[in-house]
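The hints should help you fit chains B and C onto chain A, whose structure is shown.
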Amino acid sequence: MVEILGRRPLRRLGSGALKAGLIFFLLSASRLFAQQGLNFISTEVKRVFDQAKNAVVRIHAEDEHGRLAGTGFFIDPAGTIVTAYEVGGESWDLIAEFGSSRYPAQRLVADPRSGIALLKVSANTPWLSIGDSDELKLASPVVTIGYPMDLSVTPSFGMIGGFDLKYLNQYFSTTLIRVNIAAQRGEAGSPVMNLKGEVVGILIFPIDNRTACYALPIKAAEKVRTDYVRFGEVRPGWVGVSVVEADEPVRRSTAVIQSFAEGSPAIDSGLQQGDVLLRIGSVEIRSPPDVVNASFFLTAEQDVPITVLRDGKEITVTVTAADHPAIVQQKFPLFAPATLENALRTKDRE
Amino acid sequence: MMLDDQQLQKLLRIKRFEQPPPGYFDRALIEFHRRQREELLRRSATLIWWERFVSGLGNFRVPSYAYAAVLGGFVVVATIVGSGLWAPYKETTDVSTSRAVLSGPEAQKVAVNRLALSGNLDWSTFDDSASSPKVVPVIRPSQTALPRYVLDGRPVSYKASFSF
Amino acid sequence: MEDQNLPDDETLVRRTQNGETRAFDLLWQKYSPRIYSLIYNMTANHEDSNDLLLEVFAKAYRSINGFRGKSSFYTWIHAIAVNMTINFVKKRGRRFQLSLDDLDTNVQNDKELIDLAATNSPTREVDLSELQQRLNEAMMKLSVEHRAVVTMFDIQGMPHAEIAKILGIPEATVRSRLFYAHRQLQNYLEEFRKK
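Residue numbers (my numbering), protein chains in the order written: chain A, 1 to 350; chain B, 1 to 164; chain C, 1 to 195.
Excised from the complex, chain A in its bound form:
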């Protein structure tokens, strides 16, 4: 054969065969690895699911449009449930169903601004531990567990698609986590968990024909719970500062104090018009939208350290927040209240 083909063609043939063999091997190996990878994901999801599913409940309730059903989950062994405002915020005859048990639930607090409600049943319950929503990053893997339609408890797996303060020119009251999971009806209130099985968010509403959805970070939900424990209700704080955008960033920030509201704690606080905001409480400010988040985490009667830049110098003043004026509060709920129109709508009006 060598005599007929000559040495060069054989070497080419040989190296070609080698290449083909290598490619074939890699393809098979990667398919094997991929399968392993997918199996691994499946195992992880199953693990989180088995561990957490007993703490996730179906919520039944009634409102003026009739009966409704959604999802919620326990966050302590005493039967405290977190669910979406849409499910448990304004409805009555609340019932939590888990396993074969159905318990009447009492509403502790409902906060349309954050989009959640806290309920309580009188029972010893399994519960989900709280994770750190600040640790989440783009493409972090998450698992949700919910009760879609009239089906049994179901896991879903997906990735964090982003962190948004607004969607299609509509602002939220705090940064929400966008999750690339096609949540189904009935899953509002589902816990969003990291692979450690800790809750990092709560499914609130869908976007784009339910192909993805937004979740409230658990940190924001904790603010609601802490307020409830301290005051029996949510008490958003208010300082009274209006912010405008500067053309050029000053020390990384383009948020400039424009004015103070009449009678607000900001007046006589030491802050001045023209100050560049760097930090409000524990929230770093880089641009005016960051102020929205800072505002969400303020609590009435809280002493808020505010750091600004004035004439090149960093100044920190402490202001005691007041109760957010009722009229402003009413303007900033997280989402429009449930209407029959919303419920029957199959396509988003976008």
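Careful: at least some of the hints might be erroneous.
Capping the alpha-carbon separation at 25 angstroms, the derived lysine-lysine pairs in BS3-like fashion look like this [stated by the list, open to error]:
(1) A:120 with C:141
(2) C:90 with C:141
(3) C:90 with A:223
These aren't lab readings, by the way, just hints derived from the structure by calculation.
Frame of chain A; chains B and C shown alone:
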């Protein structure tokens, strides 16, 4: 000069006397009855009965000695039937056939309905402590009326006026 | 307002549960004016108040079989009314129409209050009806939850404990809400006076 608390209270007290025109409440009562009749016509009679029944179940108070009594009764009956002294059911000896009859979602639905209609509570979940609320019995809702499954919030848009 | 010949609430509820519609009519007669007043002061709109009044009693009638007498009927029907009204107002949003014209303002002319209206403004006369109008506007600037406690405590004269039971919140929260609401009202009224 601001109104003090007492003056404010007096001003508010006056609002107590703001009343609708005379005869309003009698007319409204007539309207109330009209709406009740309309509701009766719109919804089927069974549905209303069901609703009344469910809310009436909450009224059902089970004294603690009743459990002991029923449990005791059950033990007695089980002993009698188990020992073969009494066979209330003429069942076929073919176990597989009878099992086929009793299995499947059909049978489960029948069993649950029987449970519901007899008013038995799900005792495994009953909490006898005085402070806890009544446990809701396991009742399957009517197949024709599914609840609204919720995942339909929408964010409210507001002007991007940044303030805190 | 109390009719001496009227049987007590417990009896009327029991009779309603037994199917006696007439007994429920008597409960309506007894409670509808005060429930209407509660609703109206929270909504400031007659049409809405009328609808809500009918809804509240319809809900009470539908669920009367489940009423176990754990609380009084008084507390129970007030709780239904407050909750339904709060839900309604929240859904409706901020569109409010003061429709005072179809009310028969049967005001008791409190002499002290007339004096108050006259002496409280050094620069111009504020007559009683204008002050009342201002108060109504100020009320509507409160959140619906704050309006609820002001209506129950200040207007209807309910004790803190009763309000706490009706709303299902601690008594301390009732007090703090009232404190905040009174301050807000005083501020708003002061604002108007300045104009």
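Here's how the hints hold up against the structure:
For the given pair, residue 120 of chain A sits about 32 angstroms from residue 141 of chain C by alpha-carbon distance, which is inconsistent with the 25 angstroms threshold. As the CA atoms of residue 90 of chain C and residue 141 of chain C are separated by approximately 13 angstroms, the hinted pair is consistent with the 25 angstroms bound. Only pairs whose Cα atoms come within 25 angstroms are accepted, and residue 90 of chain C paired with residue 223 of chain A is accepted, the gap being roughly 22 angstroms.
Hint compliance for this structure: hint 1 alone is broken.
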